[in-house]
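Enquirer: Since chain X is already given, all that's left is putting chain A with the ligands on it; use the hints.
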Amino acid sequence: MNIVVCIKQVPDTEAVIKVASDGKSIDTGDIKWVMNPYDEFGVEEALRIVKAQGGEVTVIGAGPARVVEALRTALAMGADKAIHIQDDNLYGADPIAVAKMLAKAIEPLSPDIIFFGQRAVDDDSGVVSSALADLLGLPQLSVVTKLEIADGKAKAVRPIEGQTLVLESPLPVVVTAQKGLNEPRYASLPGIMKAKKKPLEVKTPADLGAERSDFIEIAALNPPPARAPGKTVEGESPAELAANLAKLLKEEAKVI
Amino acid sequence: MAGVWIIAEQRDGEFRKITLEVASAAKKVADGLGTEVTALVLGSGMEGACAALGKYGVAKVLYGDGEAFAAYTTDAYTNACAAIIKDGAPDVLLMGASMQGKDLGGRLAARLDTGIAVDCTALAVEDGKLKATRPMYAGKVYADIFINGSPQIASLRPNVFDIVETGGEAAVESVSADAGEVKAVVAEVQAAEEGKVDLTEATVIVSGGRGMKEADNFKLLEELAGKLGAAVGASRSAVDAGWRSHTDQVGQTGKVVTPNLYIACGISGAIQHLAGMGSSKVIVAINKDPDAPIHTKADYCVVADLFDVVPELTKEI
Ligand SMILES: Cc1cc2nc3c(=O)[nH]c(=O)nc-3n(C[C@H](O)[C@H](O)[C@H](O)COP(=O)(O)OP(=O)(O)OC[C@H]3O[C@@H](n4cnc5c(N)ncnc54)[C@H](O)[C@@H]3O)c2cc1C
Ligand SMILES: Nc1ncnc2c1ncn2[C@@H]1O[C@H](COP(=O)(O)O)[C@@H](O)[C@H]1O
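Chain order of the listed sequences is X and A. Taking our numbering, the leading residue of the first sequence gets 1, the next gets one more, and so forth. Taking our numbering, the leading residue of the second sequence gets 1, the next gets one more, and so forth.
Okay, chain X solo, but in the shape it has when bound (with noise of 0.2 Å):
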């Protein structure tokens, strides 16, 4: 099985985000980078199903130089190699520029299972998955909670509003991981010397030959809108508690 994971470096969950001098961008100075947690359950399924069938898992990364850090995180794990797009400006991107971009390194590959996460937890989008798998013309399993491959083909369980629902489909196949899939292992401290030694490429958008085409333009990026301060509520007993509580709800904010 030959199987790529794409990787985002993402700004840390805990992360402060401040806007950038120019109001469109984010100010990257103090930002603590992480592989995105979504990624982390595509590099463990993937490295579960090469270890239960064979085959070599190949893990991309499109940024600027930071994002090797991430790309070695995943080799730690267990990846066997290592795919860095770089490009200093690509941060920030349309998904529909990065899947671009992507397609034209994967492509060449021939995987049999492209993972990425649901979404990238900095851009919030899940673009990229299903903007590449079109590229590329295969078949997509999004926001999966578990996955069997047998027999040349993906079975997939996707949790949808009020259903969950199984989905088949012929490899190749593009799939995007949720929480659920698996418990991500930790990279261990052999694996993160041995991560040293593997196979780390470098390429360049022109290498590969992809132009930046971004639809998406930014205008202002703004803090969220302000919320009105919280009350607390009255009350010396529980049941007095609630019953303002209630009444609350129901005659000043009107939601029950």
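Hint data in this document are derived by calculation from the structure and do not stem from the laboratory. Where a beta carbon is used, it is the ideal one built from N, C-alpha and C, also for glycine. A few of these clues could be false.
Here are the in silico distance ranges between beta carbons for each label pair [claimed, not checked]:
#1 X:153 with A:216: 35 to 43 Å
#2 X:12 with A:122: 21 to 29 Å
#3 X:12 with A:176: 46 to 54 Å
#4 X:232 with A:223: 23 to 31 Å
#5 X:29 with A:128: 32 to 40 Å
#6 X:190 with A:305: 44 to 52 Å
#7 A:13 with X:164: 17 to 25 Å
#8 X:214 with A:213: 24 to 32 Å
#9 X:234 with A:164: 50 to 58 Å
#10 A:148 with X:204: 22 to 30 Å
#11 A:245 with X:190: 54 to 62 Å
Expert: Just chain A with the ligands now, kept in the frame of chain X:
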């Protein structure tokens, strides 16, 4: 034909609530652009249901019929929608940021070689163009976005846009819709528990965290939720402890929800949890620790033991 188009979403032949939200939002955008709303409906034997979309501001429905469209598949819907959209060349294309819309949107944008703004919470028209507002970085910032491609595609977060009744009946026109090659198929549909409302669609959510102490105690929340017609959510701690299923998790690595009322019980309010529920219209925190961060985000703070207050609240409702 041009104008503003929406992709209507149906299940078992009935339009979903998100379709009415998207139609209502589309009507406002169309008014701003001086044009009309066209709904693209794919289904099987649904022609008779289409005219009713007129009530929500849809002037015209393009209906594509076929067995392959009875239930959503990525391939059939992308193939058919892309062909019809190419033909009609709308300026703006809107859909729900539901599970279906999230699956379809990126694929359609790639096929039509244009841009998409997903999970938008506000729309406006500026200088004849769509301006879409969407949360990024888990709601820590909101981006105003223009799309320099055609059509300008945006998907709309469920439960955010009001349903507005403005019109009468829509004109319905049949279009030929070709499902093309369908590779990924639905092999099985497992229905969720009877009457269970999905978190992303619920108007009221009662959520529990580590303060619930054990799985069994969630029955207190189930009882309250039952009275409120609410769905039950959970923090990651409660999910990781095995008390609730992964599909119940609210937060940055769970579901992003926008109910009218979110009641957080025994949840501290970590930044990753707030990321999932911070844009709820009204937030109630029931937490015995007066310094818990959830109290700084809540509209109504109840500083008390949840095991005392929740049963009393259930009685009050
Ligand atoms: C990458 C990453 C992603 C994450 N994603 C998510 C996510 O999607 N969703 C999420 O929720 N978390 C997420 N987290 C975890 C998050 O950081 C917190 O650890 C988690 O939200 C805490 O859950 P909690 O509030 O239930 O537990 P705690 O923080 O332990 O809080 C329990 C609260 O219950 C209160 N309490 C206890 N007993 C009672 C009682 N009897 N009555 C009233 N109050 C009581 C306590 O005062 C306390 O405030 C993520 C973390 C990381 C690193
Ligand atoms: N720059 C990138 N390099 C590699 N993979 C990416 C990149 N951006 C996004 N992805 C992949 O696409 C998924 C969804 O990202 P997004 O569409 O931006 O939310 C991520 O979880 C990654 O798997």
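Enquirer: Work down the list of hints and note, for each, if the structure agrees.
Expert: Each hint, compared with the structure:
About 40 Å separates the C-beta atoms of residue 153 (chain X) and residue 216 (chain A), a value consistent with the hinted range of 35 to 43 Å. For residue 12 (chain X) and residue 122 (chain A), the hinted distance range of 21 to 29 Å is satisfied, since their beta carbons lie about 28 Å from each other. About 50 Å separates the C-beta atoms of residue 12 (chain X) and residue 176 (chain A), a value consistent with the hinted range of 46 to 54 Å. About 25 Å separates the C-beta atoms of residue 232 (chain X) and residue 223 (chain A), a value consistent with the hinted range of 23 to 31 Å.
A beta carbon spacing of about 37 Å between residue 29 (chain X) and residue 128 (chain A) agrees with the range 32 to 40 Å that was offered as a hint. Against the hinted window of 44 to 52 Å, the Cβ-Cβ separation of residue 190 (chain X) and residue 305 (chain A) comes to about 47 Å, which satisfies the hint. Our hint of 17 to 25 Å for residue 13 (chain A) and residue 164 (chain X) holds, since their Cβ atoms are close to 20 Å apart. Roughly 49 Å separates the CB atoms of residue 214 (chain X) and residue 213 (chain A), a value that falls outside the hinted 24 to 32 Å.
Checked against the given bound of 50 to 58 Å, the beta carbons of residue 234 (chain X) and residue 164 (chain A), roughly 38 Å apart, lie outside it. Here the CB-CB span from residue 148 (chain A) to residue 204 (chain X) is close to 25 Å, well matched to the stated 22 to 30 Å. In this structure the supplied range 54 to 62 Å is violated for residue 245 (chain A) paired with residue 190 (chain X), their Cβ-Cβ distance being about 35 Å.
Checked against the numbered hints given earlier, this structure breaks hints 8, 9, 11; the rest are met.
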